[in-house]
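Novice: Sequence:
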Amino acid sequence: MSGVRVTGAAASLTGNLVAHLGDAAATTAAPGTPTLAGVSLSFGAGAWARLARNVVHSLASTAATSATLVCGVSADLGTGPDALLDGSFVHSLTSASADTAAGTIGMRVDGASASLGQVRVANSMIRARIGPNADDAVNAGRVVGAWSQGGVEWIGNSIFVGGVLGDPSAGSSRAFEMSATGGWPRLRNNVLANERGDFAPGGRHAALSFPFAIAGEFPSDYGLFWAPIGFGQGVVVQAGATTYSSLAAWQATGQDAASWQGTPMFVAPYGTAANVDLHVVHSGDLMPMEFDHGVFWIGWTTDFDGDARTSATPDIGADEFDMDDNTGVGEGPARALALAPARPNPVHGACTFEFALERAGAVSLEVFDAGGRRVRTLVRGTLEPGVHSVRWDRTDDDGAAVRPGTYFVRLAGPHGAKRGESRRVIVLE
Numbered sequence: 001m002s003g004v005r006v007t008g009a010a011a012s013l014t015g016n017l018v019a020h021l022g023d024a025a026a027t028t029a030a031p032g033t034p035t036l037a038g039v040s041l042s043f044g045a046g047a048w049a050r051l052a053r054n055v056v057h058s059l060a061s062t063a064a065t066s067a068t069l070v071c072g073v074s075a076d077l078g079t080g081p082d083a084l085l086d087g088s089f090v091h092s093l094t095s096a097s098a099d100t101a102a103g104t105i106g107m108r109v110d111g112a113s114a115s116l117g118q119v120r121v122a123n124s125m126i127r128a129r130i131g132p133n134a135d136d137a138v139n140a141g142r143v144v145g146a147w148s149q150g151g152v153e154w155i156g157n158s159i160f161v162g163g164v165l166g167d168p169s170a171g172s173s174r175a176f177e178m179s180a181t182g183g184w185p186r187l188r189n190n191v192l193a194n195e196r197g198d199f200a201p202g203g204r205h206a207a208l209s210f211p212f213a214i215a216g217e218f219p220s221d222y223g224l225f226w227a228p229i230g231f232g233q234g235v236v237v238q239a240g241a242t243t244y245s246s247l248a249a250w251q252a253t254g255q256d257a258a259s260w261q262g263t264p265m266f267v268a269p270y271g272t273a274a275n276v277d278l279h280v281v282h283s284g285d286l287m288p289m290e291f292d293h294g295v296f297w298i299g300w301t302t303d304f305d306g307d308a309r310t311s312a313t314p315d316i317g318a319d320e321f322d323m324d325d326n327t328g329v330g331e332g333p334a335r336a337l338a339l340a341p342a343r344p345n346p347v348h349g350a351c352t353f354e355f356a357l358e359r360a361g362a363v364s365l366e367v368f369d370a371g372g373r374r375v376r377t378l379v380r381g382t383l384e385p386g387v388h389s390v391r392w393d394r395t396d397d398d399g400a401a402v403r404p405g406t407y408f409v410r411l412a413g414p415h416g417a418k419r420g421e422s423r424r425v426i427v428l429e
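Residue numbers (the UniProt record's numbering): 1 to 429.
Keep in mind that the hints were calculated from the coordinates and are not lab data. Fair warning: there could be bad hints in the mix.
Claimed, not checked - Each pair of labels, with its calculated beta carbon distance range: (1) Ala350 - Gly15: 42 to 50 Å; (2) Leu378 - Glu429: 40 to 48 Å; (3) Asp398 - Ala26: 37 to 45 Å; (4) Glu384 - Met1: 45 to 53 Å; (5) Val295 - Ser12: 49 to 57 Å; (6) Ser311 - Gly254: 22 to 30 Å; (7) Met1 - Ser389: 44 to 52 Å; (8) Arg403 - Leu383: 28 to 36 Å; (9) Thr272 - Arg403: 17 to 25 Å.
The beta-carbon is built from N, C-alpha and C at its ideal position, and this holds for glycine as well.
All chains should be modelled from the sequences, with the hints used to inform the complete structure.
Specialist: Rendered as structure tokens:
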């Protein structure tokens, strides 16, 4: 079953929204073939394809048995096509099957030519998750952010796999997984984050995985890797039976030289289907590791939002971070939105946020915890232009005091998340 499906001919699929699609059939397809997909393409030899700005979320296979596979975007490209998959947003895929072969894949690219440069996946945001919540893959044995046959360029994507404490599954998960055929892919400027290693009681959880040992150059570089090892199950790279628990160990093989290891600064990676957000947090108090650490790539000139990339040193991931969004109220040129640092900060009792609007419009000011979960909505509505002030008393939406720790307050307006601003707030006892 597919929300949008095209077969046999060249096509361009842009601007589609596929959401809340369900399948209760206990269907077992060929290994690796989706039984439920949001956007699905299957082309013959030589056909070209373009998928851009497609949003897929809230797909659910409710079958309790069989090897069901839920996939956000699936492309079977035949041999020798020219294909571009750009700016997709995939999240909240669910498989309820207890079969160990069942699972979810955010984006799948198969059948690609081994000739690099013919197929490119760029500027996509993919969030996969597993755990006991309704928007998670509850029992899936396999959770993959992106899966690719060889010969594909993956440039400037943000891929996040999350876990939940008390996760009942011991299955495997990968932010990016490569198949055994088709030559090597090329990975540049991608965020590959898999946090399941901190939560899951078993299985193997990797940021990057491929099913064989190193045999020549594997071209991953200028990326940001994250795979915590709280239970000893998380690794940065798994190559066949060999695992690399740190980026330094992986780089010692000579397969990567300029990547970074650390936590990506996404706005709301653990958000629900309504508010998940893999844009970079725009904080005047904390510089994201993604900033300025990418490498120039021919033909890769814009980000997920269509904003221009910095040509010499682009950012890692799908979102091009904008330094101009980090000045406070009254600093620099006028902008549609500006958020000043909290006063005081750190916070013992209450604090005040001051923000400025260049013109009237719909505005939200929300507080998120360090995991990206919204804890308090301070403002949601239409405001007049000018400077506004809001007090936060350290409580959540239910009126309960929040725990001490790091929080982010986010100001968003009619121009969307890319032009929002965030500030870090430290709450003390």
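Novice: State for each hint whether it applies.
Specialist: Hint by hint, here is what the structure shows:
no.: 1; hint: Ala350 - Gly15: 42 to 50 Å; in the structure: holds (44 Å)
no.: 2; hint: Leu378 - Glu429: 40 to 48 Å; in the structure: violated (22 Å)
no.: 3; hint: Asp398 - Ala26: 37 to 45 Å; in the structure: holds (40 Å)
no.: 4; hint: Glu384 - Met1: 45 to 53 Å; in the structure: holds (48 Å)
no.: 5; hint: Val295 - Ser12: 49 to 57 Å; in the structure: violated (28 Å)
no.: 6; hint: Ser311 - Gly254: 22 to 30 Å; in the structure: holds (28 Å)
no.: 7; hint: Met1 - Ser389: 44 to 52 Å; in the structure: holds (51 Å)
no.: 8; hint: Arg403 - Leu383: 28 to 36 Å; in the structure: holds (30 Å)
no.: 9; hint: Thr272 - Arg403: 17 to 25 Å; in the structure: holds (20 Å)
In this structure, the hints that do not hold are numbers 2 and 5, in rising order.
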